[in-house]
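Protein chains in written order, with my numbering: chain A, 1 to 143; chain B, 1001 to 1156.
Each hint should be verified, as a subset may be incorrect.
[Unchecked claim] Not the full set, but computed from the structure, chain B residues with beta-carbon under 10 Å of chain A: (1) Arg1011; (2) Asp1014; (3) Tyr1048; (4) Thr1089; (5) Arg1092; (6) Gly1099; (7) Arg1100.
No wet-lab data here; the hints were simulated from the structure.
Just so it is clear, the structure is predicted and the values come from calculations on it, not from any experiment.
All residues carry an ideal CB built from backbone N, CA and C; glycine is no exception.
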Amino acid sequence: MINGVSIVSVWVLDQDSAKEFYTKKLGFDLTTDIQLDSGMRWLTVRSPGGSGQEFLLADPARSMLDADTAVQVRALVAKGALSPGVMATTDCRADYETLVERGVEFLQPPADRPYGTEAILRDDSGNWFSFTQRRVAEPGQPG
Amino acid sequence: MDVSGLRALRRARDRIDRDYAQQIGMAALAAEAGYSLGQFIRVFCAAYGETPGRYLTRRRVERACELLRSVNLTVTEICMLVGFSSLGTFSRRFADIVGRSPSAYRREAARLGGPAPIPGCFALMWRTGLPAARPAGAVRPAGRSGPPAPGDAGSR
């Protein structure tokens, strides 16, 4: 059966800039950066402390997309419409301070939610991510 | 519009999302994005389907909804906290968007009880309307309804 998610694709506007942002600012580890024969640059990063999931930082203009579609996807990324997912943290408030110091843009500072403490950040392309420290569920309490 | 133009618009919109509680001057926002006020309003509308002023109002009302649900402050205090300077304007705009007065909204939220069915981040990013705009709570027997929360799986 399926036993996990190994790679999630994140559309980015500039792979060099994204590589810098994810590794230097967010602290991800670079796992692959190779040029495929198809013209696609296979660029992946892995979150520190994660159990192996990677992001494929993909350029729509050098992917399986046709040219018109690539233009549309790039526009959606640039206008901030896309959200690839949630990044997990064990200390949302402290990590928020660290990331802000490194120049990461946040849309929303850490706030208490029923499911934990959550901030919202953008990557250098315009993708937004929830940045969440999960609340440990207490028995009988809604998460 | 090209990618750099869209990016400038997104930064302007992010600024509204971040600084909604302050007095945000649309002319200054337009200038930062590299437009005259008229052009800015037009291109913002083209990209996001509503004027920047309307977006700011929705953002403030959406924040007010959360405060009305979750904190013990008066309606007037909440009105000021989210960036309105007049209670009359706040109440009118709130009713326009949510479909009832702030006090009625709060009474209903209290009656339904429990944590808000929609995670804050989704409420923030939602373009199509506020959680209160649909009667989600009405069909909520015990657990939560609504879209899955980020990181929600297995948290209960």
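Hint check results:
no.: 1; hint: Arg1011; result: holds (9 Å)
no.: 2; hint: Asp1014; result: holds (6 Å)
no.: 3; hint: Tyr1048; result: holds (7 Å)
no.: 4; hint: Thr1089; result: violated (24 Å)
no.: 5; hint: Arg1092; result: violated (26 Å)
no.: 6; hint: Gly1099; result: violated (24 Å)
no.: 7; hint: Arg1100; result: violated (23 Å)
Checked against the numbered hints listed earlier, the structure breaks hints 4, 5, 6, 7; every other hint is satisfied.
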